[in-house]
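Going by the working numbering, 277 is the number at position 4 of the sequence shown; the sequence numbering is gapless.
Just so you know, these hints were derived from the structure itself, not from any lab.
Even for Gly, the Cβ is constructed at its ideal location relative to N, Cα and C.
The reader is advised that the hints may include incorrect statements.
[Unchecked claim] Pairs of lysine-lysine residues, derived as BS3-like cross-links and limited to a Cα-Cα distance of at most 27 Å, are as follows: (1) Lys296 - Lys321; (2) Lys383 - Lys433; (3) Lys276 - Lys308; (4) Lys300 - Lys278; (5) Lys297 - Lys321; (6) Lys296 - Lys341; (7) Lys406 - Lys391; (8) Lys297 - Lys308; (9) Lys297 - Lys280; (10) Lys406 - Lys280; (11) Lys278 - Lys406; (12) Lys278 - Lys297; (13) Lys276 - Lys341.
[Stated by the list, open to error] FRET-style restraints, in silico, Cβ to Cβ: (14) Arg340 - Glu441: 17 to 25 Å; (15) Glu441 - Arg402: 50 to 58 Å; (16) Arg402 - Gln322: 20 to 28 Å; (17) Lys369 - Gln397: 48 to 56 Å; (18) Ile436 - Asp290: 25 to 33 Å; (19) His411 - Pro349: 19 to 27 Å.
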Amino acid sequence: MPKYKDKQHGRNILVYDIQALSKKGLKQGLIQPSKLGISIPTQQCNIKQARIVPRHGHYVVEIVYERKETQADVHPTLIAAVDIGVNNLAALTSNKPGFTPLLVNGRPLKSINQYYNKRHAQLQSQLMRMDAKRRSSHQMEHLTFTRTRRIDHYLHTASKRMIDLLVE
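Please model the complete structure; the sequences and the hints are all you need to start from.
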């Protein structure tokens, strides 16, 4: 007897290769998967495929494209050092002449975590008063998802800036 798929674990990744994307849309800077009726603006030109990935309560569109790698000039005598901390997430220095040391502020991460812990405790308290059996709610899952995205974005931005500074 056929059954419905599970709401969370029964969803599949939908992959569109370049042949299933609208050619007119690509020329206009839009990704338009066939038979879906959605348009996603993009600035990438060498697109190989588009993936629609199910996540917790929503879908994420991933664009796979090809890009040439450029090799940075490597000088074996130059050395960089990174000191990882909490208030100062990273302190970066190098023996390159004229290099200005860089401090990456870690307080925004502490603030994001502090807000998450405070709000999570409030929601947990409310949940225990209403229903002692449940351990999580949609609000708590959304709060965790938002916190994870904000932390990932901050760390990715900080690491990209550090790498760009060292490659110069």
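Hint check:
1. Under the criterion of a C-alpha separation no larger than 27 Å, the hint pairing Lys296 with Lys321 is consistent with the structure, at around 12 Å.
2. With a C-alpha separation of about 20 Å, the suggested pairing of Lys383 with Lys433 holds against the 27 Å cut-off.
3. For the suggested pair Lys276 and Lys308, the alpha carbons sit about 25 Å apart, so the restraint of at most 27 Å is met.
4. At roughly 37 Å between alpha-carbon atoms, Lys300 and Lys278 are farther apart than 27 Å, so this suggested pair is violated.
5. At roughly 16 Å between alpha-carbon atoms, Lys297 and Lys321 fall within 27 Å of each other, so this suggested pair holds.
6. Between the alpha carbons of Lys296 and Lys341 the distance comes to roughly 22 Å, so the proposed pair stays at or under 27 Å and holds.
7. Taken as a hint, the Lys406 and Lys391 pair is honoured in the structure, with Cα atoms around 21 Å apart against an allowance of 27 Å.
8. A threshold of 27 Å between alpha carbons decides the hint, and for Lys297 with Lys308 the separation of about 15 Å falls inside it, so the pair holds.
9. For the proposed pair Lys297 and Lys280, the alpha carbon gap of about 35 Å is over 27 Å, so the pair is violated.
10. Restraint check for Lys406 and Lys280: satisfied, since their Cα atoms lie roughly 21 Å apart, inside the 27 Å limit.
11. Note on Lys278 and Lys406: the hinted pairing holds, with a Cα-Cα distance of about 25 Å set against a maximum of 27 Å.
12. Taken as a hint, the Lys278 and Lys297 pair is broken in the structure, with Cα atoms around 35 Å apart against an allowance of 27 Å.
13. At roughly 46 Å between alpha-carbon atoms, Lys276 and Lys341 are farther apart than 27 Å, so this suggested pair is violated.
14. About 20 Å separates the C-beta atoms of Arg340 and Glu441, a value consistent with the hinted range of 17 to 25 Å.
15. Range check, Glu441 to Arg402: about 56 Å between beta-carbon atoms, so the 50 to 58 Å window is met.
16. Our hint of 20 to 28 Å for Arg402 and Gln322 is violated, since their Cβ atoms are close to 48 Å apart.
17. For the pair Lys369 and Gln397, the supplied restraint of 48 to 56 Å holds, since their beta-carbon distance comes to about 49 Å.
18. Taken as a hint, the range 25 to 33 Å holds for the pair Ile436 and Asp290, whose Cβ atoms sit roughly 31 Å apart.
19. Distance hint for His411 and Pro349: a CB-CB separation of about 54 Å, inconsistent with the stated range 19 to 27 Å.
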